[in-house]
Amino acid sequence: MMPTDWIEHALDESKFDLLVASSLENVFYTSGTYSVATKGLGEASFCLWSADAGGPYLVMPAREGSSLVDNGVDPAGVYPFGSSNIYRGDSLSSTDRRVLDVQEAGEFDDPIDALSAAIEDLAGESTVAVEREGFDPDSYARLSGALEGYTLEPAADVLHDLRRVKTEEERRRLRRSAEITETSMEEAMAELEPGMTEQDLANEFRARVCRKGGEPLFLTVGFGERTAYTHPLPGDREIQTGDLVRWDGGCTYENYCSDIGRTYAFGSADRAAEQTYEALYAGLDAALGRIRDGVNTGEVYEAGVTAVREFGVDAVAKFDPFHLGHGIGVEIYDPPTIVPGAGELTEGMVMCVEPPYNELGTGGFLIEDEVVVTEDGVETLTEAAESLPVFG
Numbered sequence: 001m002m003p004t005d006w007i008e009h010a011l012d013e014s015k016f017d018l019l020v021a022s023s024l025e026n027v028f029y030t031s032g033t034y035s036v037a038t039k040g041l042g043e044a045s046f047c048l049w050s051a052d053a054g055g056p057y058l059v060m061p062a063r064e065g066s067s068l069v070d071n072g073v074d075p076a077g078v079y080p081f082g083s084s085n086i087y088r089g090d091s092l093s094s095t096d097r098r099v100l101d102v103q104e105a106g107e108f109d110d111p112i113d114a115l116s117a118a119i120e121d122l123a124g125e126s127t128v129a130v131e132r133e134g135f136d137p138d139s140y141a142r143l144s145g146a147l148e149g150y151t152l153e154p155a156a157d158v159l160h161d162l163r164r165v166k167t168e169e170e171r172r173r174l175r176r177s178a179e180i181t182e183t184s185m186e187e188a189m190a191e192l193e194p195g196m197t198e199q200d201l202a203n204e205f206r207a208r209v210c211r212k213g214g215e216p217l218f219l220t221v222g223f224g225e226r227t228a229y230t231h232p233l234p235g236d237r238e239i240q241t242g243d244l245v246r247w248d249g250g251c252t253y254e255n256y257c258s259d260i261g262r263t264y265a266f267g268s269a270d271r272a273a274e275q276t277y278e279a280l281y282a283g284l285d286a287a288l289g290r291i292r293d294g295v296n297t298g299e300v301y302e303a304g305v306t307a308v309r310e311f312g313v314d315a316v317a318k319f320d321p322f323h324l325g326h327g328i329g330v331e332i333y334d335p336p337t338i339v340p341g342a343g344e345l346t347e348g349m350v351m352c353v354e355p356p357y358n359e360l361g362t363g364g365f366l367i368e369d370e371v372v373v374t375e376d377g378v379e380t381l382t383e384a385a386e387s388l389p390v391f392g
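91 is the number that my numbering gives to position 91 of the sequence shown; each next residue is one higher, with no gaps.
The set of hints was computed from the structure by calculation and includes no laboratory data. Treat the hints loosely; a few may be bogus.
Label-pair restraints from in silico Cβ distances [claimed, not checked]:
{"id": "1", "residue 1": "332", "residue 2": "136", "range": "42 to 52 Å"}
{"id": "2", "residue 1": "359", "residue 2": "390", "range": "16 to 26 Å"}
{"id": "3", "residue 1": "390", "residue 2": "343", "range": "35 to 45 Å"}
{"id": "4", "residue 1": "343", "residue 2": "203", "range": "37 to 47 Å"}
{"id": "5", "residue 1": "361", "residue 2": "306", "range": "19 to 29 Å"}
{"id": "6", "residue 1": "124", "residue 2": "5", "range": "22 to 32 Å"}
{"id": "7", "residue 1": "390", "residue 2": "93", "range": "35 to 45 Å"}
{"id": "8", "residue 1": "383", "residue 2": "347", "range": "36 to 46 Å"}
{"id": "9", "residue 1": "302", "residue 2": "117", "range": "28 to 38 Å"}
{"id": "10", "residue 1": "193", "residue 2": "154", "range": "48 to 58 Å"}
Only pairs whose alpha carbons sit at most 25 Å apart, straight line, appear in this in silico SDA-like list of lysine to any residue [said to hold, decoys possible]:
{"id": "11", "residue 1": "212", "residue 2": "171"}
{"id": "12", "residue 1": "318", "residue 2": "231"}
{"id": "13", "residue 1": "15", "residue 2": "77"}
{"id": "14", "residue 1": "212", "residue 2": "25"}
{"id": "15", "residue 1": "39", "residue 2": "254"}
{"id": "16", "residue 1": "39", "residue 2": "194"}
{"id": "17", "residue 1": "39", "residue 2": "176"}
Glycine included, C-beta positions come from ideal geometry on N, C-alpha and C.
Full structure from sequences and hints, please.
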């Protein structure tokens, strides 16, 4: 799963002798596993890759050895820290023995002690790229103090660059994640009826995501005038005939995110709402039409914005979004962002494209699709309706 060749190539091309990932997402990306104690309890974990010794090498809580087995990961080395609170019985399976091997691989009191030892083993006196996101200030200061003679430099740019283009396996997971979110929204809308609240509709969505094998990641959904809010949290507002219903949500599937935006009408739609939706869809369509390998993000942005402004709808004649989309992967926002000056799109990137419009007192619209960048266009992962859909 992990992009081993890409990581090794990045180290070969850089001045770094060692790469240290520290955020939950980047530890997963570089190792293929994550610690439940990190995800749920905020405990530290790290993944290291050496220019000479390869990787991955993991620094993780001693009690988390089973996560390696569950994720099918066989790291080059493990530096466990802390107490495991797991005791040896009389009869051990092969899985039990592997968990025990992790538990007994080292005796470090805390994550910084373990990480310092790993760096000293793998790097010698050299330049180490360290992602800062997984450290609090005191922990990073301790690490710096323990590594006199080493040069520590930021690793965030290296890791972000690695994650821009997706592997075939990453695209498979992203494709399924998007499918789960899109179909769950559509199926939830089919259940919407008078008397239901935003929270009721949100629950319909979440239940379907779980049944399809996803994990709900985030969800905003608003009815009527509340669609004008950028991120309306589902509440007790009941649906009324003529309301707009605005969605922005996603799930994870095997740790890969989706992010879909949809706007619907309930019962009926007035012509002004239909025209605004059609103008925004024209922007989405124009932006998608510009995407291909080698195209600058600014060209995509300008194509989408111009199409909305020139559609002929007064409400969006001055359409000026702060961006028109973003990459997606192990985080909702992966680089690049669709704005002028964010660089070129590359075949294999997975992008969310979204022209939003919010007008307080009236309502808001979001149409957001996901695509894979190809050599000469896009592979569509989701497909919004060309005109405002009406349910109920």
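Quick rundown of the hints versus the structure:
1. Taken as a hint, the range 42 to 52 Å is violated for the pair residue 332 and residue 136, whose Cβ atoms sit roughly 23 Å apart.
2. With their beta carbons about 20 Å apart, residue 359 and residue 390 fall inside the hinted range of 16 to 26 Å.
3. Our hint of 35 to 45 Å for residue 390 and residue 343 holds, since their Cβ atoms are close to 40 Å apart.
4. Taking the beta carbon of each, residue 343 and residue 203 are about 40 Å apart, inside 37 to 47 Å as hinted.
5. Take residue 361 and residue 306: their Cβ atoms lie about 27 Å apart, and the range 19 to 29 Å holds.
6. About 24 Å separates the C-beta atoms of residue 124 and residue 5, a value consistent with the hinted range of 22 to 32 Å.
7. Roughly 57 Å separates the CB atoms of residue 390 and residue 93, a value that falls outside the hinted 35 to 45 Å.
8. Taking the beta carbon of each, residue 383 and residue 347 are about 21 Å apart, not inside 36 to 46 Å as hinted.
9. Against the hinted window of 28 to 38 Å, the Cβ-Cβ separation of residue 302 and residue 117 comes to about 52 Å, which falls outside the hint.
10. Separation of residue 193 from residue 154 is about 52 Å and conforms to the stated range, judged on CB atoms against 48 to 58 Å.
11. About 18 Å separates the Cα atoms of residue 212 and residue 171, which keeps this hinted pair within 25 Å; it holds.
12. At most 25 Å may separate the alpha-carbon atoms for a hinted pair to count; residue 318 and residue 231 meet this at roughly 22 Å.
13. For the hint pairing residue 15 with residue 77, the CA-to-CA distance comes to about 23 Å; that is within 25 Å, so the pair holds.
14. A distance of roughly 23 Å separates the Cα atoms of residue 212 and residue 25; the hinted pair therefore holds under the 25 Å criterion.
15. As the CA atoms of residue 39 and residue 254 are separated by approximately 14 Å, the hinted pair is consistent with the 25 Å bound.
16. Restraint check for residue 39 and residue 194: the C-alpha separation of about 39 Å exceeds 25 Å, so the hint is violated.
17. Only pairs whose Cα atoms come within 25 Å are accepted, and residue 39 paired with residue 176 is accepted, the gap being roughly 22 Å.
Checked against the numbered hints given earlier, the structure breaks hints 1, 7, 8, 9, 16 and satisfies all the rest.
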